[in-house]
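Enquirer: Sequence lines, in order, name chains A and B.
The numbering of the first sequence is the UniProt record's numbering, which starts it at 1 and goes up by one.
The numbering of the second sequence is the UniProt record's numbering, which starts it at 1 and goes up by one.
Hint data in this document are derived by calculation from the structure and do not stem from the laboratory.
You can take every hint at face value.
The list makes no distinction among identical chains, and a pair is therefore deemed to hold if it is satisfied within one copy or across any two copies.
Here are the simulated lysine-lysine pairs, DSSO-like style, with alpha carbons at most 27 Å apart:
id, residue 1, residue 2
1, Lys69, Lys269
2, Lys69, Lys95
3, Lys95, Lys347
4, Lys69, Lys47
5, Lys95, Lys340
6, Lys69, Lys340
7, Lys347, Lys69
There are 2 protein chains.
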Amino acid sequence: MAVLARSPLAPDHFPDLPPVPGIAFAVAETGARYKGRVDLLAIRAEKPIPAAGVFTRSLMPSAAVDWCKSVLPDGAGHLAGILVNAGNANAFTGKAGALCNETLARAYAAHLGCTPDAIALASTGVIGEPLDPAPLLAALPGLAFNSADWEQAARAISTTDTFPKGASARARIDGDEVVITGIAKGSGMIQPDMATMLGFICTNAAIAPEALIDLLREAVGQSFNRITVDSDTSTSDSILMLASGCGVTHAPISRADDPRLDDFRRQLKAVLIDLAHQVVRDGEGAQKFITIRITGAESESAAQIIGFAIANSPLIKTAIAGCDPNWGRIIMAVGKSGQKADRDRLKIWLGDQLVAEDGARHPAYSEAIAASHMRGQNIAIHVDVAVGEGAATVWTCDLTHGYISINADYRS
Amino acid sequence: MAVLARSPLAPDHFPDLPPVPGIAFAVAETGARYKGRVDLLAIRAEKPIPAAGVFTRSLMPSAAVDWCKSVLPDGAGHLAGILVNAGNANAFTGKAGALCNETLARAYAAHLGCTPDAIALASTGVIGEPLDPAPLLAALPGLAFNSADWEQAARAISTTDTFPKGASARARIDGDEVVITGIAKGSGMIQPDMATMLGFICTNAAIAPEALIDLLREAVGQSFNRITVDSDTSTSDSILMLASGCGVTHAPISRADDPRLDDFRRQLKAVLIDLAHQVVRDGEGAQKFITIRITGAESESAAQIIGFAIANSPLIKTAIAGCDPNWGRIIMAVGKSGQKADRDRLKIWLGDQLVAEDGARHPAYSEAIAASHMRGQNIAIHVDVAVGEGAATVWTCDLTHGYISINADYRS
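Excised from the complex, chain A in its bound form (with noise of 0.2 Å):
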């Protein structure tokens, strides 16, 4: 596997994360696959608290995911740990797979002293190799917790991401103030020979396993579910997210529309777009973050297949890259989606600039103006589709001999 150069998109450092009462998390590094760099991470708790789980809606989910929702039904339920490998997503791994997987599970539960369904695992590397659980668990009775800062934890859980990723803010529930902390990798929906987007959120909040995973799947429906850099959906993406309800005095709250959690959940919300963006600026070849606004549709729902179609179009996402303002083709993304749309009324605008509505090119179109948009790092597309009140945001970047290379080129 080739060295990536650190990508142009970059946050220029990882951000100071707080740590959050109640979990603590430590990490190894077990050469399964990679050498001479940390690739497990291991969280726990104090004994099994509310948790929550969104996966992928592959119908060829990993060992790992097919866990996970045991574990969690309807994605929620306690957890008192989660372990996370990479370099292999135990993924397409048949029986032998789900048998490592309840290995691995058992043995973090003897060391937690746990039970076995109060261990969440996850897994991200090559899909259709054998996962052997050897090396990780040799790795557990050295297992130093409290020793490893967030940096270590998202670099631990890398693959080919090129740098490591994390958010965090603090919210207000009744007198309490809180703490949300997560982090993820992904540089793809799916890597070169390496699966998976991972996300790992911890809250010191006090929220019960049904109203946190209502929160969660709000959170990432607009966060993690508005990216791509590819349109390929990996068969391991996870995001998971313990509440320890430690160090505060609030009661227990049950329901994700109690008013206590208003702050909460638009904090969540902030920590999972920053999460995500992060992915996106580390898409594999990206050369630059491409916010597209799509408003008028029939529904929210139209407005983000819309914003995907263009996101997800070869053509709109290598004009980009090419910085040509060749708006024709998000004319042709448009039409394609199958959303309503009218032709005859939409409006499109590069940057600031209105290039085109009733049907046509505007008349005070320039396109130097665009072409200088095009030259910048942020590109914003906003489309009004004029049939509606649907309005959405999705968030990609552009397709580049980068991708090609890391795709094509490299043997993985």
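With chain A's structure known, arrange chain B on it following the hints.
Expert: The following block gives chain B in isolation, referenced to the frame of chain A:
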């Protein structure tokens, strides 16, 4: 626009195509966008003859598609002429675009001595640029019918195509031998600034419009609708078919399920598949021709959706470009297709080798054999998803640096 090298997947030479009794054509250099090459194709029949058309499903159709749908309600009717220009798609050009088409149809109808509703139009090229009818109108008086051959006709409708595309077959209807000859253009569902996949099919069979459209839809469904270069659907895709009934003795056939059409149906499908394959072989940047066979799906349409999920996956297309037998990505694509598949029973073949079955890699899998297949120019992927009897084959090409160069590096 850079001059593109002839595709390595191009056929050795343009096929020998026979004339079609009752149908003539002419080409011209209008200079509207290109210099020094033919860019206008005029097709004419002696009188309005049975005709059928299948058009883009884009909801942003070009002015020419709008026009054709009005003269061929439900895709069927009678036409005396077709006028095709290359270089400007006349798409998203508002009222001016519709007016331009009316002008062209009226002028060509006057030239042929028919009514404008017996004229079909097709345009291919840039989206969103006003089309000036003047250079096209100026070329009409000088049209010399029967002086051009099919290869020139195919060249006149090209944009970024690197070779002209034609195919022909003979079919028996009752005691007659009829000819079916077609030309097409396209090297992507949409081109760099140059929209459109166009095809024109001519026959001297005597078939009524309502039967012709059924035959055409069926054949298009198994040919042009089963190819993809980059998943982008053009605003202008059009396949038009004319049936002159000239030089034959059989009575006009009015039902597509008439058993006298059995051979014709097969031969028509063969011509369209041949043309569709040529479009894939001219896919932008293509180095490999890929056949994807899906069996065991819930239905034919489910098989087609799974086939396209594989054919449109950037990660699979780049892996193939890199000669990488990365079959884990095929699992990923089946999983994201949304169609029913049995993860624990499906089978995958690369070339003749069974690489996966029963939810895991086949014990006898040889990476060396798989890699050897991937180094070839023709790649065959077969997936049996093990849930039913549905089957379909789709065709595509790989995704290479050439695609990025054509679409990002050059300003068209």
